[in-house]
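As a plain string of letters, each chain reads:
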Amino acid sequence: MALLQISEPGMSAAPHQHRLAVGIDLGTTNSLVATVRSGMSTVLQDNFGHSLLPSVVRYSPNGEVIVGHEAQAQQSADPINTIISVKRFMGRSLNDITDRAHIPYHFVDGSSTDATKGDTSRILQIQTRAGLKSPVEISAEILKALKARAEKSLGGELVGAVITVPAYFDDAQRQATKDAARLAGLNVLRLLNEPTAAAVAYGLDNASEGTFVIYDLGGGTFDVSILRLSKGVFEVLATNGDSALGGDDFDHRIYCWVLDKVRESNAQLAPLSEEDTRLLLTKARQAKEWLTDNFEAQIVCRLSNGIVVDVTLTAQQLVEITQHLVTKTLSPTRKAMRDASLTIEEINGVVLVGGATRMPHIRQAVEDYFKQEPLTNLDPDKVVALGAAIQANILVGNKNDADLLLLDVTPLSLGLETMGGLVEKVIQRNSTLPIARAQEFTTYKDGQTAMSIHVVQGERELVSDCRSLARFELRGIPPMVAGAARIRVTFTVDADGLLSVSAREQSTGIEAHIEVKPSYGLSEDEITTMLKSSFNSAEADKKARMLAEARVSAGAIISSVKIALDVDGNLLSDTEKQAIEAEIARLETIALKDDDTAIHAAVDALNHATEAFAAARMNASVSRALAGKNLEDINL
Amino acid sequence: MSQNYFALFGLSPAFDIELKTLESNYRKIQSESHPDRFVTASAAEKLASMQTATLANEAYQTLKYPANRAKYLLELNGVTAVSDSNTAMPMQFLMQQMEWREALEDARAAKDIATLEDLHHEMQAESKSLQANLSQFLDEKKDYATATEITRKLIFIDKVCADIYKAIEQLE
Numbered sequence: 001m002a003l004l005q006i007s008e009p010g011m012s013a014a015p016h017q018h019r020l021a022v023g024i025d026l027g028t029t030n031s032l033v034a035t036v037r038s039g040m041s042t043v044l045q046d047n048f049g050h051s052l053l054p055s056v057v058r059y060s061p062n063g064e065v066i067v068g069h070e071a072q073a074q075q076s077a078d079p080i081n082t083i084i085s086v087k088r089f090m091g092r093s094l095n096d097i098t099d100r101a102h103i104p105y106h107f108v109d110g111s112s113t114d115a116t117k118g119d120t121s122r123i124l125q126i127q128t129r130a131g132l133k134s135p136v137e138i139s140a141e142i143l144k145a146l147k148a149r150a151e152k153s154l155g156g157e158l159v160g161a162v163i164t165v166p167a168y169f170d171d172a173q174r175q176a177t178k179d180a181a182r183l184a185g186l187n188v189l190r191l192l193n194e195p196t197a198a199a200v201a202y203g204l205d206n207a208s209e210g211t212f213v214i215y216d217l218g219g220g221t222f223d224v225s226i227l228r229l230s231k232g233v234f235e236v237l238a239t240n241g242d243s244a245l246g247g248d249d250f251d252h253r254i255y256c257w258v259l260d261k262v263r264e265s266n267a268q269l270a271p272l273s274e275e276d277t278r279l280l281l282t283k284a285r286q287a288k289e290w291l292t293d294n295f296e297a298q299i300v301c302r303l304s305n306g307i308v309v310d311v312t313l314t315a316q317q318l319v320e321i322t323q324h325l326v327t328k329t330l331s332p333t334r335k336a337m338r339d340a341s342l343t344i345e346e347i348n349g350v351v352l353v354g355g356a357t358r359m360p361h362i363r364q365a366v367e368d369y370f371k372q373e374p375l376t377n378l379d380p381d382k383v384v385a386l387g388a389a390i391q392a393n394i395l396v397g398n399k400n401d402a403d404l405l406l407l408d409v410t411p412l413s414l415g416l417e418t419m420g421g422l423v424e425k426v427i428q429r430n431s432t433l434p435i436a437r438a439q440e441f442t443t444y445k446d447g448q449t450a451m452s453i454h455v456v457q458g459e460r461e462l463v464s465d466c467r468s469l470a471r472f473e474l475r476g477i478p479p480m481v482a483g484a485a486r487i488r489v490t491f492t493v494d495a496d497g498l499l500s501v502s503a504r505e506q507s508t509g510i511e512a513h514i515e516v517k518p519s520y521g522l523s524e525d526e527i528t529t530m531l532k533s534s535f536n537s538a539e540a541d542k543k544a545r546m547l548a549e550a551r552v553s554a555g556a557i558i559s560s561v562k563i564a565l566d567v568d569g570n571l572l573s574d575t576e577k578q579a580i581e582a583e584i585a586r587l588e589t590i591a592l593k594d595d596d597t598a599i600h601a602a603v604d605a606l607n608h609a610t611e612a613f614a615a616a617r618m619n620a621s622v623s624r625a626l627a628g629k630n631l632e633d634i635n636l
Numbered sequence: 001m002s003q004n005y006f007a008l009f010g011l012s013p014a015f016d017i018e019l020k021t022l023e024s025n026y027r028k029i030q031s032e033s034h035p036d037r038f039v040t041a042s043a044a045e046k047l048a049s050m051q052t053a054t055l056a057n058e059a060y061q062t063l064k065y066p067a068n069r070a071k072y073l074l075e076l077n078g079v080t081a082v083s084d085s086n087t088a089m090p091m092q093f094l095m096q097q098m099e100w101r102e103a104l105e106d107a108r109a110a111k112d113i114a115t116l117e118d119l120h121h122e123m124q125a126e127s128k129s130l131q132a133n134l135s136q137f138l139d140e141k142k143d144y145a146t147a148t149e150i151t152r153k154l155i156f157i158d159k160v161c162a163d164i165y166k167a168i169e170q171l172e
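Residue numbers (the working numbering), protein chains in the order written: chain H, 1 to 636; chain W, 1 to 172.
Pulled out of the complex, with its shape left as it was, chain H reads as follows:
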């Protein structure tokens, strides 16, 4: 894995040290990779000049994994081993997939018995000829292909990537995406919400100021985000959506319509084979795309039982059979408007994102609702990747004077199960990230020494209507009468939108503490094992690589701390300074030895020794920003 060089925030990297960073739009239908070159965000193409990589993975008979156009071409011939729209299954259990009768895969229910994970640990898997594959592994194949494309095109190893996710993705789906990226050997700089990425590309391109709506209908997901753009700050006011609604659903409606037509003349139509299902779905998608610029589309194909399908779908008919789907997008839109406390008159522009927004009746519905013509001057397929690349370029420090700041929100409320199966919300939806919130709970029985904590996500009042994220037990509570214990549960959502939860008993001196990061499908160990085996190298090589990586991280932190001491050493007393310098010297000595474990431990020690210094520097820089106000003087 590529390691980051650590630079002083706000300080420039050496002029010729352009760090290779990319933005990746991991889409339901297509995926893209973009980068900033000579100040311009550009989508990277494959050898044939394709920008879009179809998000299709085929496990072929000879053991090869084929990704993209070639896999797409083979999907009708080998539907069981050719996975499309895998994004729909990310972080999902079998129960979540309601329309699986129409999906030609052999799903297998995950059977993790790990009690620390929530119900989502029953992550679904797909039986292929290459064995059981999780959506995380399948997505990792797409990401690997994009990584290879980028490294070939840019001529070097990537420092990191910004991966986009639908804003309405829940914690399980986000974690699954991050796991997939790590499995593909990518260093994830940030998970970025797709509509926010689009806003960055759009806003910077047009130097826009004001309040904008991003309406993003992709292949399998719908997001709507409302942002305020002002002097380089992109503040998300509200977001909403439906993580199971997209262009695929329109294809599916056409598919059903075609089947109905076929049944009119062939009453005894037997259930379709997997190959025929995929063939008809492909035809349905092509008809949908054709109808963007034409009045009617002819759907012609021969099914494996000899029946010839030959029907004509008009643009008007398409509107009729899919209008309910368009209407379905307006409800989240209204919710987002209400959450942002905005009226339609206050919206300065509406940006359309996602291939599905090419459909004229969607454009019309958006225009009717917002009473203004939507903006489509950036390619709706590319705008997300372009925005992600801009953010990646800033995050790795290629652009130091960046005024750009993204303030994003958590799309769904987070809470805990309380007595009676009710949800107590701890973090409300649309809270700006990062956020930490604590709530106190107590015991309900005398002498209770353990408490079960069940973390859920969603807006409904009943636990059974929300998504279960994790369960864990807090043990070692000192026996007390009911209601006397004070258990403080803290929820933290980081800038990737990922949650961690901790709990502690604090009415006595005794502390019980547990930290849980929900994990879906793959444990930390499993990822590490998969990554290590993928290096496919001899034991000695592995050791050498790990040692080299440890030394790089040691060198990075030493130079970073030294610079910090030079710049802000005056914030420390002589004793404090000497303590840090002693840790630096210790790490420098240990880094000369061939022991990566010891080096990592010394890096941790140096990090620990500089925590107070880092906090003091942070306060100082905030004070400077607020024009001379000194935080230490104001009783913080």
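You may find that some hints are simply not true.
Just a few of them, taken from the derived set where beta-carbon distance is under 7 Å, the chain H residues facing chain W [as the list claims (entries may be wrong)]:
1. Leu-204
2. Val-233
3. Ser-331
4. Arg-338
5. Leu-342
6. Leu-405
7. Thr-432
8. Ile-557
9. Ser-560
10. Ser-623
11. Leu-626
To list a few chain W residues with every Cβ distance to chain H over 12 Å, as calculated [to be verified]:
12. Arg-27
13. Asp-36
14. Val-39
15. Val-82
16. Pro-90
17. Gln-92
18. Asp-106
19. Asp-118
20. Asp-139
21. Lys-166
22. Glu-172
Just so you know, these hints were derived from the structure itself, not from any lab.
Cβ atoms here follow ideal geometry from the backbone N, Cα and C, with glycine treated the same way.
Fit chain W to the given chain H structure using the hints.
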């Protein structure tokens, strides 16, 4: 309260604050502390970033919304505006409350979104006038007993507004 959110944004503690200053100083703090600025930094620096950015968000949300701001200001002055043991409200307001609740229930039962929206506007007008009162009793008269009563009303109105939106969401 060991932390003063007003001071964090360079403001004097008051109900009537310059929202523009609050907003611009919030952005300045986020510009310095947001985790996006520390993606390639050391673990110690990431921790400091996370702590400051989180504090700034919490403080901003508290001061931005009038009911939260009033509650916080009362807490700084040693008054707990909302607690389980102290929920007293004047009779007149209780009657008014019941009327609003009934109007909400009737409109919900009649699936009447327009009426629900009207009710929401009415509540917001009420909220505005309560806010004007708050600046008088909190900032000028420093009459915390009266301010506590108004704050409770404001919190109640916020709750009704949220319930109205919930009702509309369910009807749509």
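Hints versus structure:
1. Leu-204: violated, 15 Å
2. Val-233: holds, 5 Å
3. Ser-331: holds, 5 Å
4. Arg-338: holds, 5 Å
5. Leu-342: violated, 13 Å
6. Leu-405: holds, 6 Å
7. Thr-432: Hint on H/Thr-432: holds, closest Cβ of chain W at ~5 Å, below 7 Å.
8. Ile-557: holds, 5 Å
9. Ser-560: Where the cut-off is 7 Å and the nearest Cβ of chain W is about 6 Å from H/Ser-560, the hint holds.
10. Ser-623: violated, 9 Å
11. Leu-626: holds, 5 Å
12. Arg-27: violated, 5 Å
13. Asp-36: violated, 6 Å
14. Val-39: violated, 4 Å
15. Val-82: holds, 15 Å
16. Pro-90: holds, 29 Å
17. Gln-92: holds, 28 Å
18. Asp-106: Holds, since 21 Å exceeds 12 Å.
19. Asp-118: At roughly 15 Å from the nearest Cβ of chain H, W/Asp-118 sits farther out than 12 Å, so the non-interface label holds.
20. Asp-139: W/Asp-139 is indeed farther than 12 Å from all Cβ atoms of chain H, at 20 Å.
21. Lys-166: Violated, because the least Cβ-Cβ distance between W/Lys-166 and chain H comes to about 9 Å, which does not exceed 12 Å.
22. Glu-172: Violated: least Cβ distance 5 Å, not greater than 12 Å.
When the structure is compared with the earlier hints, violations turn up for hints 1, 5, 10, 12, 13, 14, 21, 22 and for no others.
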